[in-house]
Amino acid sequence: MSSEINGIALGMIETRGLVPAIEAADAMTKAAEVRLISREFVGGGYVTVLVRGETGAVNAAVRAGADASERVGDGLVAAHIIARPHREVEPILSDSGNQKK
Amino acid sequence: MANESYGIALGMIETRGLVPAIEAADAMTKAAEVRLISREFVGGGYVTVLVRGETGAVNAAVRAGADACERVGDGLVAAHIIARPHREVEPILDIAKKA
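Residue numbers (my numbering), protein chains in the order written: chain L, 1 to 101; chain D, 1 to 99.
Please note that the accuracy of each hint is not assured.
Unchecked claim - What follows is a set of in silico ranges between Cβ atoms, one per label pair, in the way DEER data are often shown:
#	chain 1	residue 1	chain 2	residue 2	range
1	L	GLY43	D	PRO91	18 to 26 angstroms
2	L	LYS30	D	ARG84	45 to 53 angstroms
3	D	ASP94	L	ASP67	38 to 46 angstroms
4	L	ASP67	D	ARG87	49 to 57 angstroms
5	D	GLU33	L	GLU70	37 to 45 angstroms
6	L	ASP67	D	VAL42	29 to 37 angstroms
7	L	HIS86	D	ILE81	14 to 22 angstroms
Said to hold, decoys possible - Covered stretches of chain D (in silico footprint by chain L; criterion: 3 or more residues with CB under 8 angstroms from a CB of chain L, positions within the stretch not fixed):
#	region
8	46-58
9	61-75
These aren't lab readings, by the way, just hints derived from the structure by calculation. Every value quoted in this text rests on a predicted model; they were computed, and no experiment measured them. Even glycine gets a Cβ: it sits at the ideal position worked out from N, Cα and C.
Just need the whole structure built from these sequences, with the hints factored in.
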């Protein structure tokens, strides 16, 4: 789960297709100090990548990622930032999410 | 898993895509005292998040969640509340959780 030291803000980019998602992930990690925590195949061709880090870094990363993925394939669906996700939300961010301890 | 002490009402939000679902989950848990019990990939890009709590809290949470996720990505599909799900329905909420 998110370690507070590395920042708690959450950045999300959703794309149609895997290629723009990978492009977004690459652009995000190159643009700022963020960690890629998850890649989800949502279904229906949607792919979501999640990053975490300091709010400013996540902001910069998501902007860069959204920009980059827009030009690739079927492109961007959603780009969003949550500066401080509620504690209850943490379990659904990690991989399969459904098993709550 | 209806834990009577936490309230039994059920709130559901379904979205197109994961990002609006997470935004809804965040808005719901921040808006009222509800527990997030499940996140489901329904298929076809639909994602559903389920919360439980007191009826009033679930009502407030679902409204806030629906509002928040409408503005994100492909947005909201459904927002619904069941104040007291029938006992027969409980297992399909649990199975969803363990799947």
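Results of checking the hints against the structure:
1. Roughly 24 angstroms separates the CB atoms of GLY43(L) and PRO91(D), a value that falls within the hinted 18 to 26 angstroms.
2. Between LYS30(L) and ARG84(D) the C-beta distance comes to about 51 angstroms, which sits within the given range of 45 to 53 angstroms.
3. Range check, ASP94(D) to ASP67(L): Cβ separation about 42 angstroms, and the 38 to 46 angstroms hint holds.
4. Look at ASP67(L) against ARG87(D): about 51 angstroms separates their beta carbons, and that is inside 49 to 57 angstroms.
5. Taking the beta carbon of each, GLU33(D) and GLU70(L) are about 39 angstroms apart, inside 37 to 45 angstroms as hinted.
6. A hinted range of 29 to 37 angstroms for the beta carbons of ASP67(L) and VAL42(D) is consistent with their spacing of about 30 angstroms.
7. Judged by the Cβ atoms, the range 14 to 22 angstroms given for HIS86(L) and ILE81(D) holds: they are separated by roughly 19 angstroms.
8. Only residues whose beta carbon comes within less than 8 angstroms of a beta carbon in chain L count, and the region 46-58 of chain D has 3; three or more means the coverage holds.
9. Given a C-beta distance limit of less than 8 angstroms, the hint that chain L covers the region 61-75 of chain D holds, as 3 residues qualify and 3 suffice.
Of the numbered hints stated above, none is contradicted by the structure.
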